[in-house]
Amino acid sequence: MMEYFYGVQSEQYASVEIPKELLTGKNFSSLSVSSKMLYAVLLDKMGEAKKHNWFDDENRVYIIYPLSKIEEDINFSRHTIIDCMNELEEFGLIYKLQAKGKPSKIYVKNFNLKRRFQLIG
Numbered sequence: 001m002m003e004y005f006y007g008v009q010s011e012q013y014a015s016v017e018i019p020k021e022l023l024t025g026k027n028f029s030s031l032s033v034s035s036k037m038l039y040a041v042l043l044d045k046m047g048e049a050k051k052h053n054w055f056d057d058e059n060r061v062y063i064i065y066p067l068s069k070i071e072e073d074i075n076f077s078r079h080t081i082i083d084c085m086n087e088l089e090e091f092g093l094i095y096k097l098q099a100k101g102k103p104s105k106i107y108v109k110n111f112n113l114k115r116r117f118q119l120i121g
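Counting from 1, one number per residue, gives the positions in the sequence shown under full-length UniProt numbering.
Quick caveat, the hints were computed from the structure, so don't treat them as lab data.
Just so we're clear, the structure is a prediction, and the values are computed from it rather than from any experiment.
Certain hints may be false.
[What the hints assert, rightly or not] Pairs of lysine-lysine, DSS-like flavour, derived with a Cα cap of 30 Å:
| # | residue 1 | residue 2 |
| --- | --- | --- |
| 1 | K26 | K105 |
| 2 | K102 | K20 |
| 3 | K105 | K20 |
| 4 | K102 | K26 |
| 5 | K51 | K26 |
| 6 | K109 | K50 |
| 7 | K20 | K109 |
| 8 | K26 | K100 |
| 9 | K26 | K96 |
| 10 | K105 | K51 |
| 11 | K69 | K20 |
| 12 | K20 | K96 |
| 13 | K45 | K26 |
| 14 | K102 | K50 |
| 15 | K100 | K45 |
| 16 | K20 | K50 |
| 17 | K109 | K69 |
| 18 | K51 | K96 |
| 19 | K96 | K45 |
| 20 | K51 | K100 |
| 21 | K102 | K51 |
| 22 | K69 | K105 |
| 23 | K36 | K109 |
| 24 | K20 | K45 |
| 25 | K36 | K50 |
| 26 | K102 | K69 |
| 27 | K51 | K20 |
| 28 | K45 | K105 |
| 29 | K36 | K51 |
| 30 | K45 | K109 |
| 31 | K69 | K50 |
| 32 | K100 | K20 |
| 33 | K105 | K50 |
| 34 | K105 | K36 |
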């Protein structure tokens, strides 16, 4: 039987946000739930970019997130993660850049153009 939360226990869990547009937007209606979840995890990982200096020559943010670490973090099979990464890349939500002998850089793309222009302008 599951226990209730009491008092400050309600703040004990970290969370990953899934952008509402991914859940309700018509442009993403055919994107699998697993891919939406992975995209949310990748967005969360972007918070580490500054700490690790994950910026390219054009100041674009990328992340380094090996498949084995994703498997460990979200308990998806390697096959599912690869399928989701391919789906996210097909949708234009990420871009993977593999340099020979180095881990892949994953560029998590901003799908919200309206918001992007608000931040720039």
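Hints and how they fare:
1. K26 to K105: At roughly 29 Å apart (the allowed maximum being 30 Å), K105 and K26 satisfy the hint.
2. K102 to K20: Measuring from Cα to Cα gives roughly 34 Å; hence the hint is violated.
3. K105 to K20: holds (26 Å)
4. K102 to K26: violated (37 Å)
5. K51 to K26: violated (35 Å)
6. K109 to K50: Answer holds: K109 to K50 is near 16 Å, not above 30 Å.
7. K20 to K109: holds (16 Å)
8. K26 to K100: violated (37 Å)
9. K26 to K96: Distance ~25 Å between K26 and K96 Cα, so the pair holds.
10. K105 to K51: Holds, at roughly 16 Å.
11. K69 to K20: holds (26 Å)
12. K20 to K96: At roughly 24 Å apart (the allowed maximum being 30 Å), K96 and K20 satisfy the hint.
13. K45 to K26: holds (25 Å)
14. K102 to K50: Given that 30 Å is the threshold and the Cα spacing comes to 20 Å, the pair holds.
15. K100 to K45: holds (23 Å)
16. K20 to K50: Holds, at roughly 25 Å.
17. K109 to K69: holds (21 Å)
18. K51 to K96: holds (21 Å)
19. K96 to K45: Given pair K96, K45 holds - Cα atoms ~15 Å apart, limit 30 Å.
20. K51 to K100: Holds - the C-alpha atoms of K100 and K51 are around 24 Å apart, at most 30 Å.
21. K102 to K51: holds (19 Å)
22. K69 to K105: holds (14 Å)
23. K36 to K109: Holds, at roughly 13 Å.
24. K20 to K45: Within the cut-off at roughly 18 Å; holds.
25. K36 to K50: Satisfied, since the Cα-Cα distance of roughly 24 Å is no more than 30 Å.
26. K102 to K69: Given that 30 Å is the threshold and the Cα spacing comes to 15 Å, the pair holds.
27. K51 to K20: Judged against 30 Å, a Cα distance of about 27 Å means the pair holds.
28. K45 to K105: It holds: about 12 Å lies between the C-alpha atoms, which stays within 30 Å.
29. K36 to K51: holds (25 Å)
30. K45 to K109: Holds. K45 to K109 sits at ~13 Å (cutoff 30 Å).
31. K69 to K50: holds (19 Å)
32. K100 to K20: Since the Cα atoms of K100 and K20 sit roughly 36 Å apart, the hinted pair is violated (cutoff 30 Å).
33. K105 to K50: The given pair, whose Cα atoms are some 15 Å apart, holds under the 30 Å limit.
34. K105 to K36: holds (19 Å)
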